[in-house]
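J.: Here the protein sequences come in this chain order: V and S.
This note's numbering puts the first residue of the first sequence at 1, with every later residue one more than the last.
This note's numbering puts the first residue of the second sequence at 1, with every later residue one more than the last.
These are calculated hints, taken from the structure and not from any lab test.
Keep in mind that a hint or two might mislead.
[Stated by the list, open to error] Capping the alpha-carbon separation at 20 Å, the derived lysine to any residue pairs in SDA-like fashion look like this: (1) S:Lys72 - S:Gly23; (2) V:Lys64 - S:Gly8; (3) S:Lys72 - V:Glu308.
[Stated by the list, open to error] A short, non-exhaustive set of chain V residues, derived as facing chain S with CB atoms under 8 Å: (4) Ser27; (5) Asn28; (6) Val33; (7) Gly36; (8) His62.
Backbone N, C-alpha and C define an ideal beta-carbon position, used for all residues, glycine too.
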Amino acid sequence: MALGRTQAVSLLGMRGAIVEIEADISSNLPAFVLIGLPDTALNEAKDRVRAAATNSGCALPHRKITVNLSPAALPKHGSGFDLAIALASLAAAGIVRPESIDRVVHLGELGLDGRLRPLHGILPAVLAVSRAGFRTVMVPTGNVDEASLVPGVRVIGVSSLREAAIWHGARFDPRPVEPILFPPPVETSRDDGDLADVIGNEDAVEAMLVAAAGGHHVFLLGPPGAGKTMLAARLPGLLPDLGPEAALEVSSIRSLSGMPVGQTLVARPPFESPHHTATAAALLGGGSAVIRPGAAARAANGVLFLDEAPEFSGAVLDALRQPLESGVISIHRANAVAQYPGSFQLVMAANPCPCGQYGARDSDCTCGPSVRRRYLGRISGPLLDRIDIQLRVQRITSAQLRMSSERPHITTAEARERVRVARSRARERLSSTPWTLNSQTTGTWLRGEARLPSVVTVSIDRALERGGLTMRGYDRVLRVGWTLSDLDGTPTPTADHIGRALYLRKAMAS
Amino acid sequence: MAAKDDLGRRGEAIAAEHLTKSGMQLIERNWRCSQGEIDIVARAGSELVFVEVKTRSGTSFGHPLEAITTRKLARLRRLAAAWCAAHPGAAAGVRIDAIAVLLPRVGRVEIDHVERIF
Numbered sequence: 001m002a003l004g005r006t007q008a009v010s011l012l013g014m015r016g017a018i019v020e021i022e023a024d025i026s027s028n029l030p031a032f033v034l035i036g037l038p039d040t041a042l043n044e045a046k047d048r049v050r051a052a053a054t055n056s057g058c059a060l061p062h063r064k065i066t067v068n069l070s071p072a073a074l075p076k077h078g079s080g081f082d083l084a085i086a087l088a089s090l091a092a093a094g095i096v097r098p099e100s101i102d103r104v105v106h107l108g109e110l111g112l113d114g115r116l117r118p119l120h121g122i123l124p125a126v127l128a129v130s131r132a133g134f135r136t137v138m139v140p141t142g143n144v145d146e147a148s149l150v151p152g153v154r155v156i157g158v159s160s161l162r163e164a165a166i167w168h169g170a171r172f173d174p175r176p177v178e179p180i181l182f183p184p185p186v187e188t189s190r191d192d193g194d195l196a197d198v199i200g201n202e203d204a205v206e207a208m209l210v211a212a213a214g215g216h217h218v219f220l221l222g223p224p225g226a227g228k229t230m231l232a233a234r235l236p237g238l239l240p241d242l243g244p245e246a247a248l249e250v251s252s253i254r255s256l257s258g259m260p261v262g263q264t265l266v267a268r269p270p271f272e273s274p275h276h277t278a279t280a281a282a283l284l285g286g287g288s289a290v291i292r293p294g295a296a297a298r299a300a301n302g303v304l305f306l307d308e309a310p311e312f313s314g315a316v317l318d319a320l321r322q323p324l325e326s327g328v329i330s331i332h333r334a335n336a337v338a339q340y341p342g343s344f345q346l347v348m349a350a351n352p353c354p355c356g357q358y359g360a361r362d363s364d365c366t367c368g369p370s371v372r373r374r375y376l377g378r379i380s381g382p383l384l385d386r387i388d389i390q391l392r393v394q395r396i397t398s399a400q401l402r403m404s405s406e407r408p409h410i411t412t413a414e415a416r417e418r419v420r421v422a423r424s425r426a427r428e429r430l431s432s433t434p435w436t437l438n439s440q441t442t443g444t445w446l447r448g449e450a451r452l453p454s455v456v457t458v459s460i461d462r463a464l465e466r467g468g469l470t471m472r473g474y475d476r477v478l479r480v481g482w483t484l485s486d487l488d489g490t491p492t493p494t495a496d497h498i499g500r501a502l503y504l505r506k507a508m509a510s
Numbered sequence: 001m002a003a004k005d006d007l008g009r010r011g012e013a014i015a016a017e018h019l020t021k022s023g024m025q026l027i028e029r030n031w032r033c034s035q036g037e038i039d040i041v042a043r044a045g046s047e048l049v050f051v052e053v054k055t056r057s058g059t060s061f062g063h064p065l066e067a068i069t070t071r072k073l074a075r076l077r078r079l080a081a082a083w084c085a086a087h088p089g090a091a092a093g094v095r096i097d098a099i100a101v102l103l104p105r106v107g108r109v110e111i112d113h114v115e116r117i118f
């Protein structure tokens, strides 16, 4: 019985499933049959594998080769199965040792010359290998660095099919080839800028600090030139380094999106600022055959900045509500559901009206009241409800400019340290709860177990009675109040913290 | 005579020799009818064997077996039926085999015999 069996990985979203690949050679006219729900790119593996095998000097027998990919119901796509198909066929032909390939997971696309091409999405694939309990994975030389980021898995890098066959016991002389590598990454050192660059706008700087410490979503409203974009771009710099889990998640998404991963895991939170013409598929992910991650998934564990938020289509903005609520992006298709991480921190910036001058001290707005209302009305209430900090940013005046040069500014490094301390305080305080950040706490808990004395909450209690504050708004003020208290190092928020928290959500009211 | 016909004839002779060596009785070679030609008809035990021989001098145009297409297979089947109709007699079974003969200008002759291709 001429049979070869090995494993590869099929990726769906971030999750990979082990696919078993069996090859059988039967005494019949030469043919290559691939069964088990392959897509077009995978079906072309037949021709790639035969040509690659011939050209690397380990030709497949001129018989009928049947390759089965199981589980057959799982849709499989892409060219990453080539190496496994080729080795299973070679094992069936008796050229490599079947027991050797059986224990190894193989990933890699073959070129017609028999060399192996690196793949995108190797990191999540190798993670799946590790989770499935396999200990050895064979990848193209160009993917070795990335695959080695996963702990506990032995990574074997090979440059050609011949080299892979020799590793598995084929009696060939080594024939060194030049490995195919990814083009060297273009150095794009992201310049977040320093918080000290922000002149004036102390309120806004404070708001960013609070947002970073509590993980709160932010809405910035202000005329053009007030520094909204500048502030938003500095938020990732304030966030602490990513933990091991988050770093793996961010690197996996980068790998899936075809961005360079490098030799170490990404340590800093990502920053994504999609253009306002982005579609729901561009923002959340989508695609027909292959479901690819969108900007929100790439911003997971980091900051998603939507500049000119009212210019986005309403449907696109509202599509963000689901990940904001659950922290997971689910993309549904008829045959599968892909899931990507969606725990990003949202920063939205908007002008107060189409001309941008409404409310500015130094110029007049030319928009009518209904135009103005319609403009901000594009951001739906349910979306705004999920944003804890809503702040109005003003252009700075010459007086503020003069004053600011005399006062010392907080730098990003100092701010990050304060954020780190505040976050560890919150984590300690919330250790008995499932949460680690103030932004994750629920209203029931804030008003129940963590209830503050009425002396402290008197200002918002009154606002609630008057109808100036909704119940949801009340909870948000409490949440931000707790973060302010963590930043100041007090055990519970004081009346002053609650007052400042109330101020941090006044943008839309004024 | 064209060189390719000569090559084919030599290949068929080699294939016939191979079949005799492996214990088959040759019944007929190059049987022709209006639909085409059967290269070799042989008997293996109680079975009738129709053999298609493909000869190449090299594999630069592909392996000889790759030249047997589904269309050619269908014709072989029709020819086998025609032969049986022209030669009534008992046979326990019928099968179609293919033999690839590689006749390089220099080097060893290679024979590849695939049984029951249909």
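J.: Do the numbers back the hint for Ser27 of chain V, that is, is its least Cβ distance to chain S under 8 Å?
T.: holds (6 Å)
J.: Is the Cα-Cα distance between Lys72 of chain S and Gly23 of chain S 20 Å or less?
T.: violated (27 Å)
J.: Just to be careful: measuring from the Cβ of Val33 of chain V to every Cβ in chain S, is the smallest value less than 8 Å?
T.: violated (13 Å)
J.: Take the shortest C-beta to C-beta distance between His62 of chain V and chain S; is it under 8 Å?
T.: holds (5 Å)
J.: Would the hint on Asn28 of chain V stand, with a C-beta cut-off of 8 Å toward chain S?
T.: holds (6 Å)
J.: Classify the hint on Gly36 of chain V as holds or violated, based on whether any CB of chain S lies nearer than 8 Å to its CB.
T.: With Cβ-Cβ at 23 Å, over 8 Å, it is violated.
J.: Checking one constraint from the list: CA of Lys64 of chain V to CA of Gly8 of chain S, max 20 Å. Satisfied?
T.: Violated, at roughly 25 Å.
J.: Are the Cα atoms of Lys72 of chain S and Glu308 of chain V separated by 20 Å or less?
T.: The hint is violated at about 67 Å.
In terms of the numbered hints stated before, the structure departs from hints 1, 2, 3, 6 and 7, listed from lowest to highest.
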